[in-house]
Amino acid sequence: MFENITSQLLFGQVLLGLINGSFYAMLSMGLAIIFGLMNVVNFAHGAQYMLGAFVAWLLLTFLGVPYWGALVIAPIAVALLGMLMERLLLRRLQNLDHLYGLLATYAVSLIVEGLIRQRYGSTGIPYDNPMPGGMNLGFMFLPYYRVWVVMFSLFTCIGTWLLIEHTKLGAYLRAANENPNIVEAFGINVPKMVTLTYGFGVGLAALSGVLAAPIYQVSPSMGSNVMIVVFAVVVIGGMGSIVGAMATGYMLGIVEGLTKVLYPEAASVVIFLFMIFALFMRPSGIFSGRSEGAR
Amino acid sequence: MNSPVAAVIQDSRVATALLRVENLNAWYAESRVLHGISFDVREGEVLTLIGRNGAGKTTTLRSIMGVVRKRTGSIRLGQEELIGKRTYEIARAGIAYCPEERAIFSSLSVSENLLLPPVLRSGGMSDEELFKAFPNLRVRAASQGTKLSGGEQQMLAIARILRTGSRLLLLDEPSEGLAPVVVKEIGELILRLKQQGFTIVLVEQNLRFAKKVADRHVVVENGKVADVLTAADLESGMDRVQSYLGV
Amino acid sequence: MNPRLIIIFVAAALAVAAPFFVYPVLLMTILCFVIFACSFNLLLGYTGLLCFGHAMFFGGAAYITGQILKTTSVSVEAAILCGALAAGLLGLVIGQLSIRRQGIQFAMITLAFSQLVYFVLLQMEFTGGENGMQGIPRNPLFGFIEVRDSFSFYYVILGLSAVAVFAFYRIVHSPFGEVLKAIRDNEARVESLGFDPERFKLLAFTLSATMAGLAGAMKATVFQFATLTDISWPVSGEVILMTLLGGLGTLTGPMFGAAIIILMNDHLAGFGEWALIAQGVILLVVIVFFRRGFVGEIGALVKYLARRGKRPASAPVTAKPAVEPNG
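Protein chains in written order, with the working numbering: chain C, 1 to 295; chain U, 1 to 247; chain E, 1 to 327.
Just so you know, the hints here were simulated from the structure itself, not pulled from any lab data.
Errors might be hidden in some of the hints.
Short derived list, chain E residues pointing at chain C, Cβ under 10 Å [what the hints assert, rightly or not]:
(1) Ile8
(2) Val10
(3) Ala13
(4) Leu111
(5) Leu241
(6) Gly270
(7) Trp274
(8) Arg291
We treat Cβ as the ideally placed atom computed from N, Cα and C, and that holds for glycine.
Assemble the whole structure, with the sequences as input and the hints as a guide.
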């Protein structure tokens, strides 16, 4: 079975898996941060990822802003939109069953994706690779841009983790995840923290979108294509766990890549099999410290 | 209002009322749990809310802090009306709250827990002062917050709110579930705080503990104020109070 | 005469007369989704279980029924029932594996299963993969009645739907249904009363899957093809919208919700993405302002008016004591 697999193919797929894993990790981290604090599954995450890519393309096409500028501007712009949505919509629903928050974000994603698709069609729009070329390592060809993506996403993920685990701001967030009322009783403006945290998660999604634009092209359905996998990642990793999201994201990306080489038919399914298996072994997720059904 | 209560309310208006609660009603969802609670807290005193389980003592504290959102009436801190304000605004007005469940955060270390509350005004204890006053916490600073014993957690819960500089402290059942030795320490802590000029409202079911620390006692029954007693009243009228507590 | 019976009689008359005025395929589509929405309502509205993968029962049964009709001469109604039973079986298996999880984890695990079903069916040859299963024949009803034209087939679908709605009504208004509602409201309490909530939830899940399968199987015979889109997340999302729009936990709400959404999709079919955008907007409006849904809000309004009407401005001395309108 393995005779036909060249090292080119293997390493190529592992690299691809690492790239996919980078996106899974960043996106699921954003989701986990939002879920941890607000107990809302942000179904708009995919649409916000897509918007990141779209804003980058718009910036380039209409304002001539290159990739490097878009990397900074697009996440901020989309994050602001996200914070607006939190303030006007999600905050109203916070006292209700968390199902409504979830469905509200789903509704927003329908609207946003629909509008974009209506205006720009369903086919992907290419976005120029800002770092063309690559190096030939002999056993594989390594494109520069993809190395950049993996490095940058690692940097972002680790940076976010450091922010949450080792700073005062992160302590506020961790505490508010556990008991927002008491944190507020200390005099901390928790509602504002919620808005900013949502914005941060959305910003992460949009940042992923900008990173994705040169690789996957910019299309209205790029969000929904990836989101179901990201949800699986978050569930496996533990719905509020930052480390879990990160580690599981990379891991599953690589597993998916390897499966494509070794047993291609199962590639799409392997993540879901993993999820079902993981949920049986440890219902609240592999990395979560909580026992079953704590949320 | 029956006349002993009226007399005491009248009396307290002469002294400086730091916190004045008037006709406080509160709801959990559709059911009303507080029915027109009224009492004053004088500056520098230790006041306890005593009563049976479920009488509404904890709910009163939570309503003052705005954690219970559905409330009507008047809660005045000095000149400031707190009804309708959000919890963080109430905290910033100068009230610090230590909840019944202590709420030590498990995803934070002891020192992170201790240093979490922001300094809202001057006059609070500095980090050094806190570690000096609670040496145990310095020793265990890096441990996970919830790894402390019950008594240590209670100390931590009280210590951290001393950082804020707020002069009015609301403590919900600080002696609950703790060994007698620890309860004694907490009692001494409360008296020391009183000497330093803090005003403390204490919710307590442990009457013996309440007797040792408090100047006045407000008896809460079925969401209403049933009686207000000074420390002296309590001494002489113990059987009356026992009946309120259903002992 | 009982007002409810009158309404049912009128509704039945309208249903029978409908194909003379409205395009039968559209009516049949509405009926399929009405049943689908009822199945989802049984799960979420009455048992409190949110399932994100309901489309797997809907679409899965469509393929099973299609395959039976294509490869055998089994009559059309039997094939539909087989599809429904297959979905029920799938529901039993998946339910057994998932029912112990709560809340959002249950929702996610059902989503994972539906994705699994999607990709498995994608690989299998009989489904036709991306192209779907085309040309599903409508084998004669009971073996000899030809139903190839839409007009007559409508009455078959109507009959099946009526049976399904009746079954739904009976389930919900039975002791079993009462336990389900209790589980939705307070599962711990139900357990303390000596019932095993998991068994009830599993049965509800299986019944719901069977009903969803019935809807999907019917749809396969109406359009005479089955596609993978029927198993995809947007279909699961659409049924959630229909149920919420109509009114979660009301008997008829989701039926109206289904009808409204199908009609809207039909009207907006030529307008590109506007159908989906409209769905998003409606969902948002319902969530923020009309959480009780169409039927729920009307019901609440009726109760409110009834209570106001019973409060007289000045009570005459000989008036009977005021009776609380029953809730």
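Verification of the hints:
| no. | hint | result |
| --- | --- | --- |
| 1 | Ile8 | violated (32 Å) |
| 2 | Val10 | violated (34 Å) |
| 3 | Ala13 | violated (36 Å) |
| 4 | Leu111 | holds (7 Å) |
| 5 | Leu241 | holds (8 Å) |
| 6 | Gly270 | violated (13 Å) |
| 7 | Trp274 | holds (7 Å) |
| 8 | Arg291 | holds (7 Å) |
When each numbered hint is compared with the structure, violations occur for hints 1, 2, 3 and 6.
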